[in-house]
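One letter stands for each residue in the lines below.
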Amino acid sequence: MKVSFILNGEPVTVDVKPNEILLDTLRLKLNIKSVKRGCERAECGACTVLVDGRPTYSCNLLTVQVEGREVTTLEGLRDDPIVKELTSKFVERGAVQCGFCTPGFIITAYALLKSGKELTPENVKKMLEGNICRCTGYKKIIEAVTAAAEALKK
Amino acid sequence: MALTEDPYTLISKWLHAREFLVVGKGIARADALDKALGTAKFVEDYFQEGMLFVKQVLSTEPHAKILRIRDEEALKIPKVVKVFTAKDIPGENQVGYALPDQPLIAEGKVRYHGELVALVAAEDIDAALRAAELVKVDYDPLPYVLNPLEALERKDVLVHEEVGSNIAFRTKVRKGNVEEGFSEADVIVENEYRTHHQDHVYLETEGALAIPGLDGRLTVVTAAQYPHLAQSIIARVLGVPASNIKVVVPFMGGGFGGKDDEGPLTAAKAALVAHLTGRPAFILYTREESLRMHPKREATIIKYKSGATKDGKLTAIDVKIIHDTGAYANRGPFILWRATVHASGPYEVPHARVEGYCVYTNKVYQGSFRGFGNPSVQFAAEMQMNELARKLGMDPVEFRLKNMLRPGSRTITNQLLEESVGIAEAVEKLAEKVNWAKRRAECESFKGRYRRGIGIGVAWHGISTSRGVPDWSNAYVKIDKDGSVSMFTGIVEMGQGSPNSSHRQIVAEILGAPLEKVKVVFGTSDAPDAGATHASRGTSIGAIGVLVAAARVRERLNKLAAELLGCKPEDVEIKGGVVRAKGTDKELSWDELIKQAYARGVDLSATGYFFLPKGKFNDELGQGQAYPAFSYVAMIAEVEVDTWTGKVRVLRIWPALAAGRIINPQQVEGQIEGAAVQGMGYVLMEQFVFDDKGRILNADMTDYIVPTTLDIPEIEKPVYVEDLFKYGPFGAKGVGEMALIPAPAAIAGAVSHALGKPITKLPLTPEAVYFELRKGGST
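Protein sequences, first through last, are from chains A and B.
No gaps in the numbering here: position 149 of the first sequence is 149 in the working numbering, and each next residue is one more.
Add 1000 to the 1-based position in the second sequence for the working numbering, that's all there is to it.
Treat each hint with caution, since some may be false.
As the list claims (entries may be wrong) - Quick list of in silico lysine-lysine cross-link-like pairs, BS3-like style, CA-CA up to 27 Å: (1) B:Lys1172 to B:Lys1025; (2) B:Lys1082 to A:Lys29; (3) B:Lys1082 to A:Lys2; (4) B:Lys1082 to A:Lys17; (5) A:Lys33 to B:Lys1519; (6) A:Lys126 to B:Lys1647; (7) B:Lys1303 to A:Lys29; (8) B:Lys1172 to A:Lys33; (9) A:Lys84 to B:Lys1517; (10) A:Lys84 to B:Lys1025; (11) A:Lys17 to B:Lys1076; (12) B:Lys1519 to A:Lys84; (13) B:Lys1082 to A:Lys125.
Keep in mind that the hints were calculated from the coordinates and are not lab data.
Note that the structure is a prediction, hence the values are computed from the model and not measured.
Using the sequences and the hints, build the whole thing.
See below:
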């Protein structure tokens, strides 16, 4: 069946199976590789995308559910000033190790920074709780997100 | 003057360098931006529709004869190409690492619930999935054994009949006379410890893509921690020369040891299908398959007796270590050796007896995981130290320092440690930083529902392979005509960062080339064999070859530059793209120097082979040189225990490391923080639940729980003591595993302090702590 949605600002129409998850449609049919397959059980957050601006696990959504909605991945945000600040702080602060979870963290952190919420270490932690990292122990990730928020305030 | 090519001379020359351009600096790693943007490629990113998809059929019995495998129904599914079983393997169906006991695909019988029985190849993922469910296996169930203590006794139920018992392997250490040692002791502590399986939960599951004919060979893109090992295992399974196989390991989404064991097997499965069909074949484990199939951290039973005099000197230890190795030995014998020779902890003990048993059971098998047999035995050793200190009325840190290994000490294998033993200084500095005695007293003032405790874990970890097992390093460095530098290594990039941080820094440091001109090509079997990326050796051993190769080229550049600048070779300085005669204004650019080298016949390519010198080791007595050097680590943890619910929170962790030169402090911190949190997960929340058939019931990330941002403690800046290792690159020793090793001891020690009770069993889940608190009717 055909599904149409907005992907990174551009309208797309894809032929999908009724039980196809958004993660598979993005990776296998639309060449969106920043979205990673970690658990397929809505636990690890490596496949996080924005659906109408909200961080969402793309493994936990059927593609038919995004009909008419806006899906955003890192591919569509590479020139965004918030993403640029985040990626530069992740690099500078040593928040990247294997890198498999990193795009998911950047997407979630982007939504947090975009929301304009007051940032405290506690709500940064709370917001990132749905993304698992097995390498860094999170400390440098939390520092990088906080530092990016500080830099963007200036 | 003749050029120096001798690796010992070159290693020593750079070990004694005093000023550095990039070594010792927290330089960002080369791959970080691509990873942050999601453009760095992992195995699955190379898959394209149209390639064959391979799905696994797993055993549903813990121990059974395979009577028949019926694929008729499966083959009726459109787009299914073929079902492969053990009989389709053209080469040897043998993939055991330490012992030849393991098939790639079960043959004759299955030995655990989850073992691979058949592979289904289809044109389409859904077809492969449906077909795998339709492959019917007729089993004749056999009696099975799940408990290692029972397996030790049983002769009627054998996981491997040909062995004649369920003991896969035994190890021993015999030093001095243990009975005499205990007769000199004023206090004796005796306990039995239990530790459990842990899964790696790397975010990327196992995968491999095999493409026949690519680059003139069968090329396999896979996530394996040792490309040359994957290459040789594929060659063995297919019955072809290794030179017909190329293995490329792109960015890997975490390894932690698990992909050292499972990586080559994953690669062999894809390679088998590609080889037999002549088509590109792709396999990707689901999370459930990954959790059910791949080897786990060893589950152990450790019986430990130790004695000390009233002035606080250890006199003897008597240790029995039982590793539940599961269905296959895998690397179990090596894991057991590591546990055995480290059983004392980093302390001097005059009399020691250690017995190790690697025992088969009908469960998922044990394997490599960060620390490799050491976190469990260091936990037992350190809990013993706490109990001895308590009985002696001594402070636990003071008691440890009285017995700690120092330069000139002998280990329990009677190995003389001449140098590079910085642990005592590290522990002293750490205790001072933490204000140990005061903080300990403060913890004891918490009396209500929430109690506080503080604990210390001190550990050691041998660098390189154990005993006389050969180990080496190598790399290939070349400079192209435009002045750009390439370095090729078999060391992989799984997050640890050795190729993209320390290797790159070492090449830039030695050549004096600008960092941005240095490109590292990692994880390829076309590079010289540098050994595996495991055992904290990516930099400590892997970069020795990098250093030697680069240093050979530098010697040649110095000679050429000296001729061009009219100075002595030792007065040539190269930095920031400028080549200068020391103390003069005579200079030329890096690019010009390289042009001149090409014009004047100077070879700008070199390999850096180095064979690590090893001492003698007697396997019968377990005496001799166990490792060429040891890294040391200490960790202090402070916890809060909710006595109503049993929930433990780790509040703060203070690490200390004596691992030689710190090449990149930012990356080393990252390793310490990550290992500490992985260790905390192991102690507090991670565990498998097995049913009565040895099946894992929680093979998903919903019920196998790993730490999130909300679980983490404050982690303080590490204390470093740079106790240089003479063969290490710039004196570096291993780092990657280190901070996980003392974590169980530090955290369990803190919980024990908070509760005022000894802890002998992990994990410390809320229910475990809750019932521990209520044992004996108290609280």
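For this session: Hint by hint, work out which the structure violates, then give me just those numbers in ascending order.
Result: Violated hints: 1, 3, 7, 8, 13; rest satisfied.
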